[in-house]
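So the protein lines, in turn, are chains V and H. Using the working numbering, the letters of the first sequence correspond one by one to residues 315 to 565. Using the working numbering, the letters of the second sequence correspond one by one to residues 16 to 500.
There's no promise every hint is true.
[To be verified] In the DSS-like style, the derived pairs of lysine-lysine whose C-alpha atoms are separated by at most 27 angstroms in a straight line are:
id: 1; chain 1: H; residue 1: LYS74; chain 2: H; residue 2: LYS217
id: 2; chain 1: V; residue 1: LYS468; chain 2: H; residue 2: LYS473
id: 3; chain 1: H; residue 1: LYS315; chain 2: V; residue 2: LYS456
id: 4; chain 1: H; residue 1: LYS185; chain 2: H; residue 2: LYS284
id: 5; chain 1: H; residue 1: LYS217; chain 2: V; residue 2: LYS439
id: 6; chain 1: H; residue 1: LYS315; chain 2: V; residue 2: LYS425
Simulated from the structure, these hints should not be mistaken for laboratory data.
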Amino acid sequence: MSNGLVIKDLRVSIGDKEILKGINLTVEPGVVHAIMGPNGSGKSTLAHVISGRPGYEVTGGSITFDGHDVLEMEPEERAAVGLFLAFQYPVEIPGVTNVNFLKTAVNSLRKARGEKELDPMAFLKLLREKAKALELPEDMLKRQLNVGFSGGEKKRNEMLQMAVLAPKLAILDETDSGLDIDAIRIVAEGVNAQRSPDRAFLVITHYQRLLDYIVPDVVHVLAYGKIVETGGADLARRLEKTGYAEYTPAA
Amino acid sequence: MPSTIETVETVQELTGAYKYGFVTDIEMDMAPKGLSEDTIRYISAQKNEPEWLLEWRLKALSLWQKMEEPKWAKVDYPKIDYQDLYYYAAPKKKGDGPKSLDEVDPELLNTYEKLGIPLKEQEILAGVVAVDAVFDSVSVATTYKAKLEEKGIIFCSFSEAVHRAPELVKKYLGSVVPQSDNYFACLNSAVFSDGSFVYVPKGVRCPMELSTYFRINAQNTGQFERTLIIVEEGSYVSYLEGCTAPQRDENQLHAAVVELIALDDAEIKYSTVQNWYPGDAEGKGGIYNFVTKRGACRGKRSKISWTQVETGSAVTWKYPSCILQGDDSVGEFYSVAITNNAQQADTGTKMIHIGKNTRSTIVSKGIAAGRSDNTYRGLVRVLAGAEGARNYSQCDSLLIGDKCGAHTVPYIESRTPFSTLEHEATTARISDDQLFLCRQRGLSSEEAVALIVNGFCKEVLQNLPMEFAVEAQKLVGISLEGSVG
Ligand SMILES: Nc1ncnc2c1ncn2[C@@H]1O[C@H](COP(=O)(O)OP(=O)(O)O)[C@@H](O)[C@H]1O
Ligand SMILES: [Mg+2]
């Protein structure tokens with residue numbers, strides 16, 4: 315079944331605090347959805363719950379991806395069915411090179427899917443090709459994962475991981491934050507190059523700027539734990555002018 | 016490049032069980048149980064030893080009988096009944112002992128095969144490693160001797176060396192670790208069974224890594240290896256020691272002594288991967304590992320480098336040390352110590368600076384998981400004459416979970432104002448965010464831990480010879496199995 319991501323009435327709490335208050339969202343294969351919203355509205359929470367980060371309590375609703383009951387799966391099982399999260403704050407793993415990390419990831423995923431592992435030569439070829447497309451210098455591949463990376467390098471490196479792992483749904487959590495305009499353009503080109511009928515995107519952003527380069531099919535506004543408005547690319551442009559002031563907490 | 020995938024495959028292959036937990040069923044020559052003059056006379060007679068060596072052993076016994084078991088290490092284990100152990104076990108000999116592998120007990124070869132030791136001649140010919148395999152107490156086969164003999168290198172069992180190079184043994188035995196050094200070294204001096212001997216003559220670079228696999232077998236047999244490595248002026252040797260042991264329900268004692276001697280401009284690289292049975296998740300069974308390892312940089316500009324990866328044993332008590340006697344000599348200690356479940360390790364090093372401008376480097380990586388306790392204990396001592404001495408120490412601890420403990424106990428003493436001593440220590444925990452990042456990218460939590468810990472230990476692991484580095488990376492993953500989620 316490839317009906318994409320289907321979220322129904324999702325409720326999520328951290329401690330006693332309800333963060334997501336009934337989210338309904340469907341992301342069909344090959345479609346680019348954007349989620350915009352003020353800081354603290356629950357955008358990262360949604361991304362984390364879809365990908366299985368521990369620490370959240372799902373108090374109601376369901377998430378399925380291509381028919382799989384996502385909430386019942388381990389994070390690595392979700393990765394294996396094609397879910398990818400580009401982190402808002404990528405963490406460092408000292409002593410582990412970028413190359414080694416990605417090779418381990420690629421082969422773990424292949425194994426989980428019952429595919430043969432890539433031999434080192436084939437892997438390196440793939441990696442170099444993707445790095446080149448993202449204008450990442452070759453020496454960054456040999457550096458320790460995210461250690462001493464600038465903000466822009468971290469985000470571009472997340473895009474490299476996405477390109478190499480080729481997910482069916484990529485969630486980008488504020489990949490644009492902290493990037494200058496040139497870096498945003500490179501990231502957007504990377505994403506656009508990967509748009510295809512069997513790859514969907516959920517682009518989370520606070521600013522409309524990124525959406526000038528990655529033009530979304532559908533735009534949602536998430537405010538105070540609820541999706542309060544849904545529209546086309548023009549909704550993002552309107553928000554650029556008006557901001558989020560019109561959205562107030564539900565009574 | 017070795018990857019964690021291999022680690023995980025190995026883990027699966029093991030399905031949670033210790034891979035080397037099997038017992039070889041062969042006849043044994045046993046010394047009478049317990050420790051007495053008779054036991055020592057029996058061992059010495061079995062080995063056809065000269066009178067002076069028997070006397071040496073007996074002297075150690077009388078010293079030992081007056082000593083107390085040390086209590087200062089941060090390890091805790093049930094009292095050992097030294098009268099309830101066997102001190103000698105040798106595989107049954109056919110006639111005069113094996114002349115080639117064909118003559119070796121097939122059961123024994125089978126055991127090695129299960130352990131994956133490349134003992135078979137064709138495997139050794141394919142590689143560059145000479146194996147002096149020690150099965151329990153007696154060396155059963157030594158290969159590649161001819162090639163080494165060409166260069167005048169002696170690499171043989173300790174018992175053989177007693178007959179082949181008696182002058183060298185007599186001169187150097189106990190010269191680095193005196194009998195009275197400590198309780199366990201003294202016990203070893205009395206009852207040592209066998210071990211390895213290496214002699215590299217002047218101006219020779221040993222053309223291959225020398226490797227010994229130790230294996231503990233017979234039930235209730237204390238293991239008392241004795242290793243002596245002597246490297247003459249301007250020479251070099253790299254020595255590898257690796258261990259596996261079959262699963263046991265009773266704790267087994269292991270108290271080895273290793274002595275290294277480096278003369279002018281000589282270099283010794285000594286690498287260990289230790290994965291003896293650590294006991295089950297509750298800490299039942301497992302090996303007690305009380306080892307004395309010490310190297311003497313006697314010559315000017317000599318160098319001794321210890322690299323160890325300690326993942327096994329229930330209790331480890333081990334401080335490979337360097338005595339930097341020659342001016343400008345160099346001591347190094349690179350260590351990874353992993354404890355999981357109920358394991359306890361108290362390990363570290365001693366660097367004793369005696370000569371001028373002596374330098375030492377200590378890099379210790381301790382990883383604690385489960386309910387284990389992991390202590391780094393290190394001493395840097397600079398004597399009055401050691402002007403210009405330098406030490407750099409870096410001790411990093413990584414904790415997995417919140418029931419384990421990591422402790423760093425550095426002792427630093429300097430009797431000269433003209434020395435430079437630096438010490439850095441860090442403690443970190445594997446973060447949930449690191450684990451989640453790995454798992455989001457498709458790694459299982461075990462693969463993630465193996466990857467993160469291998470990254471943490473990289474500086475040390477990359478000091479190992481290639482053959483060992485791969486095995487060590489796998490061991491890191493295997494030994495931390497079950498430590499998260
Ligand atoms: N670990 C946490 N503990 C307590 N509250 C949290 C935690 N993480 C996020 N929150 C709260 O949840 C709300 C949503 O946060 P988040 O999903 O990060 O929003 P956004 O990504 O839209 O800025 C915020 O009010 C934030 O303070
Ligand atoms: Mg956020």
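- Can you give the numbers of the hints that this structure goes against, from lowest to highest? Of the numbered hints, 1, 3, 5 and 6 do not hold.
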